[in-house]
Amino acid sequence: MRRSRSAWAFVAPAALHLLVFAVVPIVYAFVVSLFDWRILKGTMPFVGFGKYQEVLQDPPFWNAMLNSAKFAALSVPAGMAVALLVAMPLASQLKGMGLFRTLYYIPAISSMVAVSMLWIYMFLPGNGLINATTSLFGVKSVDFLNETGWAMPALAFMSVWTGLGPRMIIYVAGLLGVPPSLYEAAELDGAGAWSRFWNVTWPMLAPTNVFVLVTGTITAFQLFTPVYMMTKGGPLDSTDVVGYHVFVEAWKKFHVSTASAQSFLLLVVVGSVALVQYRMMRRQLEGYSAG
Amino acid sequence: MKTVLRYAVLTLIALFLMAPFVWMVLVSLQESKSAIPEVSKLIPEKPHWENYRTVVLSPQVPVFRFFLNSVLVAGGVVLGQLVVCSMAAYAFARLKFRFKEPLFTLFLLSMMFSGTVTQIPVFLMLRGMGWLDTYAALIVPGVGSAFGVFLLRQFFSQIPFELDEAARIDGAGDWTIYSRLTVPMSRAALATLGAFAFIATWTDFFWPLIATSSLEMRTLEVGLSIFKDSYQGQNWPLQMTAAVVTLLPCLIVFLLLQRHFVKGVTIGSIK
Chain E
1 MRRSRSAWAF VAPAALHLLV FAVVPIVYAF VVSLFDWRIL KGTMPFVGFG KYQEVLQDPP
61 FWNAMLNSAK FAALSVPAGM AVALLVAMPL ASQLKGMGLF RTLYYIPAIS SMVAVSMLWI
121 YMFLPGNGLI NATTSLFGVK SVDFLNETGW AMPALAFMSV WTGLGPRMII YVAGLLGVPP
181 SLYEAAELDG AGAWSRFWNV TWPMLAPTNV FVLVTGTITA FQLFTPVYMM TKGGPLDSTD
241 VVGYHVFVEA WKKFHVSTAS AQSFLLLVVV GSVALVQYRM MRRQLEGYSA G
Chain A
1 MKTVLRYAVL TLIALFLMAP FVWMVLVSLQ ESKSAIPEVS KLIPEKPHWE NYRTVVLSPQ
61 VPVFRFFLNS VLVAGGVVLG QLVVCSMAAY AFARLKFRFK EPLFTLFLLS MMFSGTVTQI
121 PVFLMLRGMG WLDTYAALIV PGVGSAFGVF LLRQFFSQIP FELDEAARID GAGDWTIYSR
181 LTVPMSRAAL ATLGAFAFIA TWTDFFWPLI ATSSLEMRTL EVGLSIFKDS YQGQNWPLQM
241 TAAVVTLLPC LIVFLLLQRH FVKGVTIGSI K
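First to last, the protein sequences are chains E and A.
End of the first sequence sits at 291 in this note's numbering; the numbers just go up one at a time, nothing left out.
End of the second sequence sits at 271 in this note's numbering; the numbers just go up one at a time, nothing left out.
It cannot be assumed that every hint is accurate.
Claimed, not checked - In silico lysine to any residue, SDA-like type, Cα no more than 20 Å apart, as pairs:
# : chain 1 : residue 1 : chain 2 : residue 2
1 : E       : K95       : A       : F205
2 : A       : K263      : E       : L176
3 : E       : K95       : A       : V4
4 : A       : K2        : E       : K140
5 : E       : K232      : A       : S230
6 : E       : K140      : E       : M152
7 : A       : K263      : E       : L175
8 : E       : K232      : A       : I169
9 : A       : K96       : E       : W8
As the list claims (entries may be wrong) - Partial chain E-side listing against chain A, Cβ under 10 Å, derived:
#  : residue
10 : L16
11 : H17
12 : V23
13 : V31
14 : F35
15 : P107
16 : T133
17 : P166
18 : A173
19 : P179
20 : F221
21 : V246
22 : V248
Rather than coming from a laboratory, the hints here were simulated on the basis of the structure.
Just so you know, these numbers come straight off a predicted model, no measurement behind them.
Even for Gly, the Cβ is constructed at its ideal location relative to N, Cα and C.
Okay, chain E solo, but in the shape it has when bound (with noise of 0.2 Å):
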């Protein structure tokens, strides 16, 4: 490698996209956020961190935040252990294995919109395709996508569904990166299937597992288009995700100023979650290597 005077020339398109798209954009939305600027209304005065402790107790936002924290936890776990039981046969060499891997990635790679309206179709009560299933073992009726205690569920259940692809071709990588001789060692002392998941596979799939689990956060708090197309945010903002609110405030109510604010708190919010889940990852998979 060697020092050169037109490295600057190859690496300008790229950063002046990068200040233009994202350095000034957040600048800028940082300023924004101390005014209250209402655009329909042409007056934009300075209330310094006012939007701040406005939205800190506006309990519609709360909701909204509280529902993104549901939605993760209802997706992100269910996520990861049907990616992981998937990917366990598939990292094996079984002939035909890249026909599955590509017939499993294709709900990750399709519109969003396209899926929105499919879903919803899914969840219809009656005849539905679940409720048509259920009903074959008697199960009563239930309209998914318009009672408040389903709702959200349902959303969670599809994105475990589209989110399959993506996961599993993760968890099949970190899978083939587990030395043989590892378990090699482990058959030699006796250990059944259960104890080489346990003392093999699960400790040496942690940087993995860290992978899924941190991104898997960050995108199910940017949940938008299923929202926007099946719920509206109801019933009863069962679903007003946090993304959906902030998309409402701004572009719905043109309150630019208070949706600038959440934004940030958002990314606050989010930001230290992440961090909390890669530093307790991370002493679990210390407390591997020590014991």
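Place chain A on chain E using the hints.
Coordinates of chain A only, in the frame set by chain E:
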């Protein structure tokens, strides 16, 4: 026996994941405006392929225009990202320069900051420039990608440095090495980034929703949501037809480039 069981489980999961899509296609072939079919009557006696013509040539919604917009926007973003990201990745992987490390860290950090926070200011900036409701508003913000720079840097770092040195001895400059050596040797890597950028742009809903306002500037993804609203939750066969029409281009691109997806996802996750 164990192998048979494994295949059975794999097939069962595939069925679970594919059933909604199969259902979608079957419903799209029902007679337009018909009621929601019973599962037992899902396979139509006579498939109504004309639903596809009705959707594509719909008089209220310019579906073909939406499609062209999506092609143009996704194509522009893919081309832009390939050029912009590969140039930056070349510098980060192959050259030494001042502030290289902090600048690369900034790129990585920006991956976490994007999203909700930057959307309002970017919208206001583009409004100030008079770019709203134009192709520029749909393409330019997507042309750079920190993920793309990161992904290509990983690939470029694997090329042996002796090749660069040999070219330099022959009098080649950075530009020649980048365009004649690094880029041609990294076709697979560029295809990986291109595939990711295409699918992400094609399926993006939020940004075209707020950055465009006229019907003619909508992309297929936003157009589909308008199509759904124009039937107010009625006429399921036509809605499902429109959904199939939107999904198909993605599916084709994915099937053509699917092995690159596996590579991209794994490189992104394992550092």
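So, going through the hints one by one against the coordinates:
{"no.": "1", "hint": "E:K95 to A:F205", "verdict": "violated (38 Å)"}
{"no.": "2", "hint": "A:K263 to E:L176", "verdict": "holds (14 Å)"}
{"no.": "3", "hint": "E:K95 to A:V4", "verdict": "holds (12 Å)"}
{"no.": "4", "hint": "A:K2 to E:K140", "verdict": "violated (37 Å)"}
{"no.": "5", "hint": "E:K232 to A:S230", "verdict": "holds (17 Å)"}
{"no.": "6", "hint": "E:K140 to E:M152", "verdict": "holds (19 Å)"}
{"no.": "7", "hint": "A:K263 to E:L175", "verdict": "holds (15 Å)"}
{"no.": "8", "hint": "E:K232 to A:I169", "verdict": "violated (63 Å)"}
{"no.": "9", "hint": "A:K96 to E:W8", "verdict": "holds (10 Å)"}
{"no.": "10", "hint": "L16", "verdict": "holds (8 Å)"}
{"no.": "11", "hint": "H17", "verdict": "holds (3 Å)"}
{"no.": "12", "hint": "V23", "verdict": "holds (8 Å)"}
{"no.": "13", "hint": "V31", "verdict": "holds (9 Å)"}
{"no.": "14", "hint": "F35", "verdict": "violated (12 Å)"}
{"no.": "15", "hint": "P107", "verdict": "holds (6 Å)"}
{"no.": "16", "hint": "T133", "verdict": "holds (8 Å)"}
{"no.": "17", "hint": "P166", "verdict": "holds (5 Å)"}
{"no.": "18", "hint": "A173", "verdict": "holds (4 Å)"}
{"no.": "19", "hint": "P179", "verdict": "violated (15 Å)"}
{"no.": "20", "hint": "F221", "verdict": "holds (9 Å)"}
{"no.": "21", "hint": "V246", "verdict": "holds (6 Å)"}
{"no.": "22", "hint": "V248", "verdict": "violated (12 Å)"}
Taken one by one, the earlier hints fail for this structure at numbers 1, 4, 8, 14, 19 and 22, listed in ascending order.
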